[in-house]
Amino acid sequence: GCGTTQTAAGTTSHSKVIGVSMYSLTNPYFAAMKKSFIENGKKDGLQVEVEASNGDQSTQLAQIETFIQQHVAAVAIVPQDSNSIVTAIKELNQAHIPVFFVDSNANTKLMAQDGAHEVEVVESNNYTGGQTVGQEMVDHYGKNAHVEIGIVNFPTASSTQERDAGFLSVIHQYPGYHVVSTLDGNVSPVTGLQVATDMMEAHPHLQAIFSDTGPAALGVDQAITSMHKQGQVDLFAFSSARQNIAEIENNSVYKAGAMQQPKVEAQVEVANIAKYLDHKSVPSRVLIPVLGVTKANAASRLPLSFGKV
Amino acid sequence: MTSIPVLQVSGISKSYNRVEVLHHVDLTVYPGEVRALIGHNGAGKSTLLRILSGAEAPDQGSIMVGGEKRFFASPRDAQEFGVAAVYQELRLLPQLSVGENIYLGHEPRSRYGIDRKKMFRAAEQLLQRHNIHIDPREQVGRLSHAQRQLVEVVAALERQARVILLDEPTTALQADQVDDLIRTVRGIVADGTVGVIFVSHKLDEVWSVADRLTVLRNGDVVLDKATREADKQEVIRFIVGDTHVVESSHGLLSSQKGSSGSQRTESRKMGPEILRVDNLSSRSLRSISLNVNVGEVVGLYGLEGSGRTDFFRLLYGLDSMIGGRIDLAGRPYHPHSPKRAMALGIAFVTEERKKDGFVPMLSTIQNVALPVLSRYQSFGFIHRSTVERAVLDTLKPLQLRGDPSLPATHLSGGNQQKMLFARTLMQNPRLILLDEPTKGVDIGAKAEIHRLIRDLVQGGDVGVMVISSEEEELLEVSDRIIVFRDRTTDGTSYQTKALTDIDLRNLALSEVVS
Amino acid sequence: MKRTRHIPKEMGIFSVLVVVYLLFGLLAPTFMTTSNTFTLLLNGSVVALLAIGETFVLLTAGIDLSVGAGIALSGVVAAIAIQHGLPWYVGVLLALASTTLIGLFNGVVIHYVKVPPFIVTFATMGVASSIPLILTNATPIPITSNTFSFIGQGFIGPIPFAVLLLAVVAIIAHLILSRTVFGLHVYSVGGNRESARLAGVNTAKVDVVVYMVSGLMAGLGGLVDASRLMSGYPTAGSGTSLFFSISAAVVGGVSLFGGVGTILGAIIGAVLIAVVSDGMDIMNVSSYWQPLVIGLIILVGVTIDTLRVAQSQRVSFREVFVARFTRRAVDHAAGEAKSASK
Amino acid sequence: MKRTRHIPKEMGIFSVLVVVYLLFGLLAPTFMTTSNTFTLLLNGSVVALLAIGETFVLLTAGIDLSVGAGIALSGVVAAIAIQHGLPWYVGVLLALASTTLIGLFNGVVIHYVKVPPFIVTFATMGVASSIPLILTNATPIPITSNTFSFIGQGFIGPIPFAVLLLAVVAIIAHLILSRTVFGLHVYSVGGNRESARLAGVNTAKVDVVVYMVSGLMAGLGGLVDASRLMSGYPTAGSGTSLFFSISAAVVGGVSLFGGVGTILGAIIGAVLIAVVSDGMDIMNVSSYWQPLVIGLIILVGVTIDTLRVAQSQRVSFREVFVARFTRRAVDHAAGEAKSASK
Ligand SMILES: Nc1ncnc2c1ncn2[C@@H]1O[C@H](COP(=O)(O)OP(=O)(O)OP(=O)(O)O)[C@@H](O)[C@H]1O
Ligand SMILES: Nc1ncnc2c1ncn2[C@@H]1O[C@H](COP(=O)(O)OP(=O)(O)OP(=O)(O)O)[C@@H](O)[C@H]1O
Ligand SMILES: [Mg+2]
Ligand SMILES: [Mg+2]
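Residue numbers (our numbering), protein chains in the order written: chain A, 1 to 309; chain B, 310 to 823; chain C, 824 to 1165; chain D, 1166 to 1507.
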């Protein structure tokens, strides 16, 4: 089941075509979102075509232009970059194709400046998600603890930058908490694994690693296990992968984290698009909460996650 | 010739890997003079020429052109100061056209770029002037070896240089082409402004072209004399530095018939037929018929482009046959690949060693052993010391100068040719195809190679076919000669005893007319 | 450079391009519209620009890995310059200067120090991708100049300005390579550097200039991207641009070993890649399948082209087959003779 | 077959490696520990394995772009096999078979159809990266076999098993290239394909086998990664692996033009890259700066090595400079003489 390959030619038929331009489909998070988009679309009689820009802003632009060529009924975008996507919004506006955002929004100030407009955005608040993980960490070690923290991040995307900022905003309130190393996990388990091993070699007293992406968290988790640092180094991370959530329940390495709800985001987005196309009113902003996950609630969160164990 | 020397070289020294190949060499060329530079393989002739043309920097010494001291950082500098060169290893670029190659580096320009029309017109005139019938728009890669050599020489002459350096410009050329070239060179120096250095291993050429000669031995100038006053025997002694070898090369010197016959048993019984070719045709050859017996050397003669090289390539599986029949040792043979040809006992020395003869980065030992490695291995692992010993034994009689454990590019041109001949000897073949086997080989080693070929056919059950552009060589080494004309032959052969080089030339020409 | 009596070598891959274009057109009605054709050309313009620069470099048997990073550098330099109140054209000049300087450095080190091009441009790729990140702290810098937006978003008639720019640059590059002394020298250096040197070609000039051209093209590509995105994006060009630009040149018949290939070929290669990418998007081919599809289309295309050339240049297929067949028969007979004689 | 009296060429880049290692050790106390040294070797083992395969291919003047994708393919195949209840070793064999088959395909098409290696392996790279995504729907597949985990996580004494595996593979590869008939044939094909063919070398066998070796190495690399992550990750190896493996070989002296280079060099190159990557992480170099730092270290290292070789083989630096200078002086004098005489 990897998407439809029908063309948009059939706009005359009843099923309307929705174009979705995503960040990356090789990240399970977005793979889950895509699946939800297509399934929920089917329920509402919408045909959803999903493209991935694989981390490249100009690819995203190209894909949106393709949607314009196809005269799709609406476009939903997970923006690579909140600024430069504004160009695309303008083009869509000119083509009279309604624009929806999902996962994160475009730069609203710039949009206002350029006279570009969107219909709606379904956001999960990355900043508060980061704060949630920070708070979980503080809860885990105690407010007065002395903790050496390593961060495995993805420094070149705005969503992960926000997560880091949220996380740091909490951590910085506690003088005992020190970030001793920040390395790029490149949203990749292999890179996550490698930088985490290096981090632990460099800082023998490291106690906690924060990973701002799920794929890198997978690698960090294995790094801790394979260096036999269970109990010495704990993992806190953003991830909605079932494998990771199950790890939290098990609680040997992965202590707590935050999960976004890609399925829910897509579901809400599709529902709102359907409403809009039926000329009903839709809210301009829907916030999907980023859920904190701890050992206590992991079991109940498991059904919301995606992937295999 | 009391004028300022057009080229004066003093105290030039050069070492490679701490081995000195030139030792305080002094050399003077006056305008209007052709100076021959001769010496054994690896004596340092090409190295000296490369230094004079700016291709390489000397370790020591100075160069004066037209009385002024010059330093050449690159060939471009040398050309600016009026020095042009033909290198031993041809420098032409196969992807470019003949015209582009001739004018590369000094292209005729129009306001917007290259004036190709003018360039091709000039090239056409130039080629015509030298009696070379080649389309200047043709890609150089499609030319025969001899044609390329001619183009190269003509390109150097065209540079309007004061000093022209020619490193073995005649190796691939036919006798009449050599005569033309010599006439051209004499013509160029005739007006007394240009000086030429001419490297060759063929003493006949030296005597007909050069005013003076310089003999290099192991990087030292050992003789510097007017050609008129020099004696061939003396010169050979200086080249070889060893009287023993002079004896054996004596036959080579005099190009009259009969002298070579003395090395041969007059009435030898031929062995069985090793190769029979009937009515063979390919894309470039038509109905070739001939046969070769075990125990004989068959010379193939023909004008340039008569199809001899193509015939060898076909036999070796490098081209596909379209019609006819080949029998190898009495069995039908259909050439398919070099590997198969080799497995069936055919060995081949190609005419252009640099193109498809050897692998430059491999050592001489590795290059020689490459086709026969399977004999010196167990479980795929090479017995290095055995290989080394076998190769060194084979190389010994060839007087190879240079370190055989170094990459083959470190050898001088003639020594590379010896390396390829050694490879043939290693293969113990039944049928040997030699295309210009002594190209660039010095006088001593050449005689040795001829002797080895004769020994081979007398001793073992081998048949040999030789292509050579030197009539003397063919007459010297072959039992009989087959003449190729216009990409075909019917196999009629001529006993060498009954032939002179003049006869041979006439034979090749006459029937083209008829 | 060659006589025109031969069919140009690029005809083969050009036919492949036409066939692929028509196929996509058949499969998806929206594909073959004028508007979509210009869109795909616009989307492919950056890779095509890089492929032009890469062609110069590859012709000398070099390689330039720094072009992808040059895109980011150029865009960010322009954005910062404009952000600081400089006029847009100063931003453009600074951007082009920055990547051309990188090219100058590449060429000088490659020629004079004789470090392999792969290593030198690997290093400058690192430098050129770090600088934008450091300058911007990984945050894209919005560009506000409206004039600047014309580079990537303007139209002249129905034609996107960037596509016109590409066409002009391609024609100039083509003329340089095919008509000028410098062009001939580029081919000669790539054909055999030593031969070219012996013939008196200024190899230093050739080496340095080709990398500067490649840098300049990366700079132009960066400007097109920045203008389309209206921001200096510090990780622009980090995706497939470099890879696709080399692939475009190679698909178009440029040899990695130097001396062989044309601008025309490289452009055809780049357009082929743009057509396939756009076609797959239009047909909504799953992104899981896209690498496979593009790989196979290019492989099949180049294979057909290769076989066609092999067929026309060498022996005809019939001849080979007849020969093979005869050989079998003969060998077979020989085998029988052998076994009979035992 | 070469005489050993010469200092091996790899000494140059090896000294660079030692110096870089010691420098990082000086700057960061935790760097030069046994434990961190093995960690960096373990982290570099996959690139090193790929570099071994790439060396075989580069020596024949080929290139293999499909190795990065092979990592994902191999890991996913093993994971799926184990998930379906097959024993771990069957998973391992299937994984290795899958990438070796890709290599077989590469070699056959490159040799017989004469399509450039860049194109063929570009296509198989696409295929090998699509298949894992299609098979897994982009979701990693957890591996549960404990035995399997030994490949990437096991230790023998203080040494990680993967590092030992790498050492054994490297030694075998070294012996094959330096001691066997096949090895010499690989060098000869890369040095001058036509000469090798005329000398009776089975070029088909060489071409096909080198790509199979490269595929096999990618498969091994994939197993190491999968075992370290304990999951078949469909985009493993999509990052810098391919690029670093070619760079490692080139840094170690392997020529992209064939015929030159050794396994020893490639391994030293791979370890150098691993040391720099690890050292930068240990020193917490900002990820913005990392590409710049690694690029410059490698450039400086190779430059020093190049200059050293140039110096020892040819003329000394002093001489070159003197010559340059003298030339100017002479030219100048000559110029003056000329103008004076007018
Ligand atoms: N690039 C090189 N590296 C190392 N040694 C070299 C190199 N080129 C030449 N030599 C050595 O220098 C010596 C002189 O070589 P050179 O080519 O000048 O000889 P030559 O007189 O031209 O011989 P030939 O008659 O065979 O052409 C030889 O011993 C050769 O091995
Ligand atoms: N007239 C021609 N037509 C086609 N090809 C030619 C012609 N002349 C030469 N060639 C090509 O040049 C190469 C050598 O030519 P060929 O074998 O005919 O020469 P040859 O008889 O060996 O003469 P020599 O070796 O004395 O130059 C071959 O590859 C051949 O195809
Ligand atoms: Mg010589
Ligand atoms: Mg010939």
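Bear in mind the hints are in silico, worked out from the structure with no lab data behind them. Keep in mind it's a predicted model, so treat the numbers as computed, not measured. A few of these clues could be false.
To be verified - With a straight-line Cα cutoff of 27 angstroms, these simulated BS3-like cross-link-like pairs (lysine-lysine) come out:
no., chain 1, residue 1, chain 2, residue 2
1, C, Lys1028, B, Lys534
2, A, Lys43, A, Lys16
3, C, Lys937, B, Lys426
4, B, Lys427, C, Lys832
Said to hold, decoys possible - Chain C side only, calculated, beta carbon under 7 angstroms to chain A, not exhaustive:
no., residue
5, Asn866
6, Pro963
7, Ser1001
8, Thr1003
9, Glu1017
10, Tyr1056
11, Ile1105
12, Ser1110
All residues carry an ideal CB built from backbone N, CA and C; glycine is no exception.
Going through the hints against the structure:
no.	hint	result
1	C/Lys1028 <-> B/Lys534	44 angstroms, violated
2	A/Lys43 <-> A/Lys16	12 angstroms, holds
3	C/Lys937 <-> B/Lys426	37 angstroms, violated
4	B/Lys427 <-> C/Lys832	25 angstroms, holds
5	Asn866	4 angstroms, holds
6	Pro963	5 angstroms, holds
7	Ser1001	31 angstroms, violated
8	Thr1003	33 angstroms, violated
9	Glu1017	41 angstroms, violated
10	Tyr1056	5 angstroms, holds
11	Ile1105	6 angstroms, holds
12	Ser1110	4 angstroms, holds
The structure does not agree with the numbered hints 1, 3, 7, 8, 9 stated previously, though it agrees with the rest.
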